[in-house]
Amino acid sequence: MRGRRVLGVAILSAILLGSFPFAAASAPRIYVVTTTTDLASLAQAVTGELARVESLIPPAVDPEAFEPRPSDLIKLKDATVLVRVGLGFDHWLEKLLILHADPAVQRGGLGYVDASIGIPLLEVKGRSIEVTRRDGHAHGLANPHYWLDPNNVEIITGGIAEAIIRVAPELTQQIIVNRDRFLDRLRTRTAEWQQTLGPYRAVPLIAYHNTWPYFARRFRLDLVDVVEIKEGVAPSPARLANLAAVIRERMIRVILLEPYEPEEASQLLARRTGATVLRLATSVGSRPEATDYFALLDYNVGALAKALAAVSN
Amino acid sequence: MLQDVIAFAMLPLAAAIVFTGIHTWLGLQVLKRNIVFADLALAQVSALGATVAVAAGHAPQSAGGFGYAFLFSAIGALFLTASRNFARTVRQEALIGVLYVVATAATVLVVDRSPQGAEHVKRMLIGSILSVTLEDLLKLILLYGAIGALHWFVRRPLLTFAQDAELTPLRNRGAAAFWDLVFYLSFGLVVTSSVSIAGVLLVFCFLIVPAMIGRLFTPKIGFSLVIGWVAGSIASAAGILGSFLLDAPTGAVTVVMFAMALALAGCFRVFVTAPRKELKSNRRTGMLASGFTLFAVLGLSGLWVIVEPAADHPVVALIETTTGLLPERFMTAREREDYLDALAVARRHTTEVDRLYALERRTRWQGEELSADEIRRIASMQQSLTEMGRGERFVVDYTRARARERERWYIGIPLIIVGMGGLAWMLWPLHGFKRVRRLRTKQ
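Chains as they are written, first to last, in the numbering used here: chain R, 395 to 707; chain V, 11 to 453.
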């Protein structure tokens with residue numbers, strides 16, 4: 395009886411001892427938490443198998459109206475690297491970080507990445523400022539949808555790679571290799587996307603929300619106006635009448651809409667003017683086709699080119 | 011442009027008038043039953059149904075979607091019918107409140123997993139009356155026509171049993187429950203369809219405000235209905251046209267217009283068409299209340315500018331702009347120069363920020379593309395100009411505050427004198443009450 399117990403303990407110890415180093419080797423030490431799925435996709439591209447990457451905002455949820463859940467607090471608590479959009483886009487994160495996160499992923503910490511740093515920002519109105527108690531750093535708020543320009547991805551992934559290297563210097567070589575490989579592929583694809591939308595250079599468009607300035611700049615599109623001037627406030631009838639006049643005058647054929655935006659106002663304009671409403675994806679996962687960053691741009695460029703080809707025939 | 015304006019306004023206006031038509035009638039019964047928030051609760055229960063339908067894979071406008079919404083609102087109707095019996099111990103309004111919050115919370119839980127959840131909840135609240143289609147309107151007319159006709163035939167029992175739970179005799183409870191169910195089921199159908207177009211806020215106005223206006227003038231249901239229809243149609247037209255003129259969202263402007271219609275009707279009732287006996291005292295009370303408010307505001311504004319000259323002073327600012335007695339008059343020559351200079355520089359900065367913005371926008375698609383560094387330079391200039399503009403505004407605020415420090419004695423003391431003097435003048439006749447009491451005690 396006693397011999398059996400000893401044997402049992404021995405087997406159990408062997409299993410534990412045997413499995414422990416294995417578990418330590420397979421579970422990545424780096425846990426990257428991002429606010430959006432786009433940043434998660436880019437972080438995954440940089441880290442590959444070296445890190446576990448998760449996004450706080452689920453796909454296709456309006457990031458500006460996101461409400462965190464208890465599971466998000468656990469993610470923040472465990473994060474070794476935190477990547478955010480910044481520019482007030484994920485403003486709800488500030489308080490959560492102070493309350494629940496490790497100092498290393500708070501502003502100024504080794505694992506903190508504000509992906510907007512270094513981006514050539516568009517529409518800097520500076521009407522409100524972001525001031526932190528720690529460094530008094532303030533910057534004017536700009537349009538925050540900068541990830542929709544593939545050329546900005548080099549800067550975004552640069553910030554992510556630097557943070558991971560700061561936290562885990564032993565991964566430097568692999569991170570650099572991963573990022574270079576990703577950027578090479580991105581450059582080729584960007585050239586292809588530009589070629590696809592090349593025939594539609596300077597084509598006038600209207601969008602529901604002001605999401606597309608970076609996309610428009612990269613693919614040389616003329617984003618004439620937006621339907622919704624203030625976030626969440628329905629456009630007035632006078633504004634819709636004005637827009638209808640602009641659509642006719644500039645012969646605008648396509649109205650861009652995000653997956654989670656109300657379509658009533660855009661459909662009303664479309665019915666009145668004969669334009670087409672096209673839903674594009676603003677984030678990875680916001681449409682079933684947009685499974686990662688490449689697929690996101692693939693879908694947007696493809697759908698827009700198809701819609702523009704259909705209306706120009 | 012004008013054609014667009016007419017096209018955008020006609021259908022929403024027609025829909026608003028159709029909504030007023032059926033909701034005023036239902037609202038009169040709601041007021042009689044003393045269950046003002048039942049529509050919110052039923053609308054929310056039906057919204058929960060619509061949300062469950064979406065989660066189960068049905069499109070919102072499909073037969074499946076409508077089926078779910080109506081099934082849920084029928085369950086809500088049953089609950090409301092049953093709640094009348096509970097209401098002997100607890101107020102029915104309290105149970106309706108519970109139904110509302112539970113349905114709202116359940117909707118949030120159901121939509122939590124769906125991507126467009128938050129948008130869906132917001133849409134239920136605000137609606138989109140502006141984008142109503144001709145097809146929607148025809149459906150509404152058919153549905154409301156059928157319900158209106160049914161209610162016309164059964165109006166007597168409906169109205170007989172539409173009274174507070176406490177007043178229903180015990181032996182009539184079965185009949186009361188039946189007619190309650192008929193009322194709540196048809197009410198649920200109407201609210202399900204109207205909330206999906208106009209949103210909860212506006213539907214609440216259509217339901218309660220015209221009915222209240224009608225009831226202000228007459229207890230007779232027929233006359234109340236006609237007055238409510240006229241007032242509701244005028245308020246709808248003012249709301250929709252007002253939203254064109256003010257360039258503001260239609261739903262919100264219409265709600266404000268309904269509130270204004272109610273306030274105007276209330277004043278008309280109290281000061282013009284009240285019984286002769288009350289008329290004189292009403293007018294006197296009205297004058298007293300408005301005079302009291304006016305003089306109190308003037309006196310307190312005077313006091314506030316003396317205590318805190320650098321704070322916000324809306325009344326003083328209004329007096330300044332109407333009389334031309336602007337703060338510049340109380341500045342030294344140097345301060346005035348700095349003040350006007352800062353205003354001009356701030357304006358120049360704003361113009362420059364806008365010019366840079368327009369330039370950047372144009373180069374997105376026209377001519378040579380700007381390099382990343384050029385974009386950064388523009389962004390940094392915009393940022394610096396905005397910061398500098400903020401500095402200029404600080405100078406404006408500072409010099410204005412210095413001017414107000416001197417101005418406060420010239421404007422604050424007269425305001426206090428006018429305010430206090432006015433109050434004393436108004437309250438003095440009330441002293442007469444004491445004389446009346448003294449006379450009575452003598453008798």
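I should point out that these hints are in silico values taken from the structure, not numbers from a laboratory.
Note that the Cβ used here is the ideal one computed from N, Cα and C, for glycine as well.
There may be inaccurate statements among the hints.
Examples of chain R residues lying across from chain V (beta carbon under 8 Å, computed) [claimed, not checked]:
hint: 1; residue: Ile-511
hint: 2; residue: Pro-514
hint: 3; residue: Glu-517
hint: 4; residue: Gly-592
hint: 5; residue: Pro-593
hint: 6; residue: Arg-595
hint: 7; residue: Ala-628
hint: 8; residue: Pro-656
hint: 9; residue: Glu-658
hint: 10; residue: Val-671
hint: 11; residue: Arg-673
Non-contacting residues of chain R with respect to chain V, defined by C-beta distances greater than 12 Å in every case (computed) [claimed, not checked]:
hint: 12; residue: Gln-500
hint: 13; residue: Asp-543
hint: 14; residue: Ser-630
hint: 15; residue: Met-645
hint: 16; residue: Thr-685
hint: 17; residue: Ala-699
Check the structure against each numbered hint from earlier and tell me which ones fail, lowest number first.
1, 4, 5, 10, 11, 13 and 14
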